[in-house]
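Peer 1: Sequence:
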Amino acid sequence: MTRNDELFDRARLSIPGGVNSPVRAYRSVGGTPRFLVEAKGPYVTDSDGTQYVDLVSSWGPAILGHAHPEVVAAVQDAASRGLSFGASTPGETELAELVRARVTSGARSPIEKIRLVSTGTEATMTAIRLARGFTGRDVLIKFAGHYHGHSDSLLAEAGSGLATLGLPASAGVPAATAALTLVLPYNDLDAVREAFALHPGRIAAIITEAAAANMGVVAPDAGFNAALSAIAHENGALLIVDEVLTGFRVHPAGYWALESEAQAAEGSDAYSPDLVTYGKVIGGGMPLAALGGRADVMDFLAPLGPVYQAGTLSGNPVAVAAGIATLTLADASVYARLDATADLLSSSVSEALADVGVAHSVQRAGNLFSFVFGDYTPAAGGAPRTYADVQRQDAFRYPAFFHSMLDSGVSLPPSVFEAWFVSAAHDDEAIGRILDALPAAARAAASASSTLAV
1 MTRNDELFDR
11 ARLSIPGGVN
21 SPVRAYRSVG
31 GTPRFLVEAK
41 GPYVTDSDGT
51 QYVDLVSSWG
61 PAILGHAHPE
71 VVAAVQDAAS
81 RGLSFGASTP
91 GETELAELVR
101 ARVTSGARSP
111 IEKIRLVSTG
121 TEATMTAIRL
131 ARGFTGRDVL
141 IKFAGHYHGH
151 SDSLLAEAGS
161 GLATLGLPAS
171 AGVPAATAAL
181 TLVLPYNDLD
191 AVREAFALHP
201 GRIAAIITEA
211 AAANMGVVAP
221 DAGFNAALSA
231 IAHENGALLI
241 VDEVLTGFRV
251 HPAGYWALES
261 EAQAAEGSDA
271 YSPDLVTYGK
281 VIGGGMPLAA
291 LGGRADVMDF
301 LAPLGPVYQA
311 GTLSGNPVAV
321 AAGIATLTLA
331 DASVYARLDA
341 TADLLSSSVS
351 EALADVGVAH
361 SVQRAGNLFS
371 FVFGDYTPAA
381 GGAPRTYADV
391 QRQDAFRYPA
401 FFHSMLDSGV
411 SLPPSVFEAW
421 FVSAAHDDEA
431 IGRILDALPA
441 AARAAASASS
451 TLAV
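Residues 1 to 454 (my numbering) make up the sequence shown, in order.
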């Protein structure tokens, strides 16, 4: 047995499934999870002392690379003055001002006020409660395949037909709660319009990932998010854009700004979401998240308004220090490096798969990327636009690809339905190790059999 095996066996005695977040259990790829003990730059090291080039990046926050010296120094300095006060600190305002100044496109800035919380789930949960409180309505629209955390309102899946309200997708979620969520096909504006027609005066908000990245990467159709904003406002509802994954990862101001720049280049006006949620990068690897948006909506939060939200660790001074340091260091050169690395790796993986005849589609949203296995040529319907499109892939090929890369010292997301993350620390040596591992991994994917799938 390896040390990883021993630790997993031990963990399962005290922790459900041996993990504190399900994807870590390797259920979709098989094998023993790696228990990590150290991370530095583009590398992580497991309990057996094996070093891997990391393409998970803590699911996004390690945008600068792991344990960046200046971020670590900021955290150490903050920790030396106290881990938590349960009171306001100057750093909270500094981070809020930094986000407000950063999230702009031209003269447009959708973040007028911001509230700090501890997790992405808490941010989206609060945004939904706020939207319901502000509009006086109860029903929510979300899209199939989009993940917004594990709060009750969002763990719902669609029934048959657009008129059917959600059913619980997790035990413990009351049917009455799930029934307040409409789950619609992604990138389908007609479905959104029909939902408003079928439920007049009942829908509080639409929530959407800025670009879907929890079913693999599936970017919105051009103009989709802007159209959601228009439809919501025409019907007295709000638009919540979830940038927990994309915020400060794909652009200094998030995916909203990436879209806004593209719209400006085409001569069209940018849209403004009413509320935006952030996580991951905003905390630089520490537990920190946020929601922000229009001042009149945000002022409905207590203590000014009737919508209650509180948290002892909200705006934790150590987490805030990590966030300020990370955002300050994430300058234009960092994003140029991320984009160039994502271009190189996504094209190299695609070439390796094509060389051995593995049909696939490369999925991109800024510097986030992933791959779906199967025929997604125009004749077969084209690249995935919906969760149903993603689900029909040959997912059985990914475990073989994953383990071949892992055996070669490259750590990928342990699920085909996750995005890949690069960092500014992925230098030529790290990238070279990834490229060297690709031919064998592509051959493993090509020889995988659906009858042996995990």
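Careful, some of the hints might be misleading.
[As the list claims (entries may be wrong)] Here are the in silico distance ranges between beta carbons for each label pair:
1) 450 <-> 98: 45 to 55 Å
2) 136 <-> 37: 44 to 54 Å
3) 439 <-> 100: 42 to 52 Å
4) 79 <-> 38: 14 to 24 Å
5) 48 <-> 336: 29 to 39 Å
6) 336 <-> 266: 45 to 55 Å
7) 449 <-> 299: 34 to 44 Å
8) 79 <-> 266: 43 to 53 Å
Simulated from the structure, these hints should not be mistaken for lab results. All figures in this text were calculated on a predicted structure; none of them were measured in a lab. Idealized CB from N, CA, C, for every residue including glycine.
Peer 1: If any of the earlier hints don't hold here, list their numbers in rising order.
Peer 2: Of the numbered hints, 6 and 7 do not hold.
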